[in-house]
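*Asks:* Chain residues, written in single-letter form:
2 protein chains.
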Amino acid sequence: MRQETRKEEIISTAAKLFKEKGYSAVTMRDLASALGIKAASLYNHINSKQDILKSIIIAIAEKFTEGMQSISDSDISNISKLESIVALHVQITANNTNGMASLNNDWMHLEDQLEYYLKLRNDYENKFLDIIREGISKSEIRQSNPEVIMFSMLSTLRSLYLWIPKKEDLNINELALSLSDTLINGINT
Amino acid sequence: MRQETRKEEIISTAAKLFKEKGYSAVTMRDLASALGIKAASLYNHINSKQDILKSIIIAIAEKFTEGMQSISDSDISNISKLESIVALHVQITANNTNGMASLNNDWMHLEDQLEYYLKLRNDYENKFLDIIREGISKSEIRQSNPEVIMFSMLSTLRSLYLWIPKKEDLNINELALSLSDTLINGINT
DNA sequence: TCTCTAAACTAACAAGCGTTAGTTTTTGAA
DNA sequence: TTCAAAAACTAACGCTTGTTAGTTTAGAGA
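Chains A and B are the protein sequences, given in the same order.
In short: position in the first sequence from 1, add 789, done, that's this note's numbering.
In short: position in the second sequence from 1, add 789, done, that's this note's numbering.
A portion of the hints provided could be inaccurate.
The list cannot tell twin chains apart, which means a pair is met if one copy fits it or any two copies do.
To be verified - Within a straight-line C-alpha distance of at most 20 angstroms, the following computed EDC-like cross-link-like pairs (lysine to aspartate or glutamate) qualify:
(1) Lys927 with Glu963
(2) Lys955 with Glu929
(3) Lys810 with Asp901
(4) Lys955 with Glu936
(5) Lys955 with Asp912
(6) Lys810 with Asp840
(7) Lys838 with Asp862
(8) Lys852 with Glu904
(9) Lys843 with Glu809
(10) Lys908 with Glu809
(11) Lys810 with Glu904
(12) Lys956 with Glu936
(13) Lys852 with Glu809
(14) Lys827 with Asp970
(15) Lys955 with Glu914
(16) Lys956 with Glu914
(17) Lys908 with Asp970
No wet-lab data here; the hints were simulated from the structure.
Just so you know, these numbers come straight off a predicted model, no measurement behind them.
Put together the whole structure using the sequences plus the hints.
*Replies:* Written out as structure tokens, the structure reads:
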């Protein structure tokens with residue numbers, strides 16, 4: 790794996806701290822001290838605290854947009870599309886556990902990029918809903934409220950960042966499969 | 790409904806602001822201005838910012854502890870216990886939407902009461918797991934990873950605070966039922 | 001009408017915040 | 001070995017933070 794530049798090192802350390810205490814509670818002095826330097830030195834590499842948050846969140850949000858586009862366009866059943874969405878979340882989250890915390894909890898502290906982020910999130914949810922609606926109309930999915938289904942799936946997928954780090958032994962592909970199974974087939978015998 | 794005291798008014802306004810921006814990003818001046826007074830005046834009613842957070846979180850956490858105790862003790866099937874847990878979350882969340890945001894996102898900013906909160910949460914999750922394990926061993930619940938099941942259910946239930954306020958038209962009991970159905974029976978046809 | 005109390009106010013504090021300016025040290029290629 | 005660029009440093013800035021002290025105001029009961 791390619792070595793991190795100093796800037797990337799700062800951003801990924803920031804993501805780790807943001808996960809623990811949230812963006813607002815982490816000071817530039819906290820961040821510097823976690824890297825073993827003084828706060829002022831950070832500014833040789835980054836423009837502002839806000840800029841760090843932006844880098845973390847927008848990069849991940851665009852990965853989701855890309856992934857959803859490709860799933861949405863693909864020529865598979867709607868149930869398979871939902872399984873692909875689960876796999877997409879598991880994969881992105883496994884590679885950015887810390888960043889996912891910021892995306893979930895600190896998006897409202899985006900300033901310039903807030904509107905852009907909200908547009909990406911909105912588009913994502915609309916495509917998700919379209920898949921569920923088409924699945925229902927083609928009788929692949931049980932007749933029930935599409936929004937309840939999306940809410941339930943998305944809540945679980947958005948919480949993965951809390952759970953994946955605790956279960957490092959668990960294979961990522963296995964997790965995606967058993968999660969798909971639970972979400973799609975339920976837990977009833 | 791009983792009229793709120795000034796102290797309760799401060800706490801519930803704080804909960805609303807904490808939901809929007811998180812505990813750390815809300816200043817005592819923000820809170821005061823939302824109430825139409827000056828920051829110093831708050832201290833005629835409350836001891837500290839920290840104390841407000843504690844009041845919000847611990848009160849709700851204890852309601853969950855109580856509710857889980859009574860479900861755990863009751864003499865019904867394990868599937869019914871899971872349905873009761875869903876109903877418990879829906880009911881508590883509907884009555885404390887704002888506070889639930891703090892419980893979910895700002896518990897780590899508890900100071901003196903952090904340990905106590907973590908104990909309550911831990912006990913809650915253990916009782917939840919016990920119900921799932923017993924359900925599996927009695928073949929009420931499909932053979933699969935109990936932790937995946939709990940994680941998936943709990944993620945959805947913990948996100949209710951984001952969702953309930955958007956669907957005020959939706960009946961609370963209906964929501965509990967359709968959610969139980971989705972979580973327990975899945976979405977497959 | 002007087003008095004007491006709850007609840008607001010003004011003013012200020014010490015500490016901590018993100019950030020800038022200017023300087024020194026470290027490092028790696030020529 | 002030299003020297004430019006990268007990356008650290010010290011010092012300080014203007015502002016905001018939670019909170020305290022002391023004072024004024026408004027309203028209810030005697």
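*Asks:* Please go over all the hints and tell whether each is borne out by the structure.
*Replies:* Here's how the hints hold up against the structure:
no., hint, in the structure
1, Lys927 with Glu963, "neither (28 angstroms within a copy, 25 angstroms between copies)"
2, Lys955 with Glu929, "neither (34 angstroms within a copy, 27 angstroms between copies)"
3, Lys810 with Asp901, "between (23 angstroms within a copy, 16 angstroms between copies)"
4, Lys955 with Glu936, "between (29 angstroms within a copy, 11 angstroms between copies)"
5, Lys955 with Asp912, "between (31 angstroms within a copy, 18 angstroms between copies)"
6, Lys810 with Asp840, "both (18 angstroms within a copy, 18 angstroms between copies)"
7, Lys838 with Asp862, "neither (37 angstroms within a copy, 50 angstroms between copies)"
8, Lys852 with Glu904, "within (17 angstroms within a copy, 37 angstroms between copies)"
9, Lys843 with Glu809, "both (18 angstroms within a copy, 19 angstroms between copies)"
10, Lys908 with Glu809, "between (27 angstroms within a copy, 19 angstroms between copies)"
11, Lys810 with Glu904, "between (24 angstroms within a copy, 16 angstroms between copies)"
12, Lys956 with Glu936, "between (29 angstroms within a copy, 10 angstroms between copies)"
13, Lys852 with Glu809, "neither (23 angstroms within a copy, 26 angstroms between copies)"
14, Lys827 with Asp970, "neither (49 angstroms within a copy, 54 angstroms between copies)"
15, Lys955 with Glu914, "between (27 angstroms within a copy, 15 angstroms between copies)"
16, Lys956 with Glu914, "between (28 angstroms within a copy, 16 angstroms between copies)"
17, Lys908 with Asp970, "neither (30 angstroms within a copy, 31 angstroms between copies)"
Of the numbered hints given earlier, the model fails hints 1, 2, 7, 13, 14, 17; all others are met.
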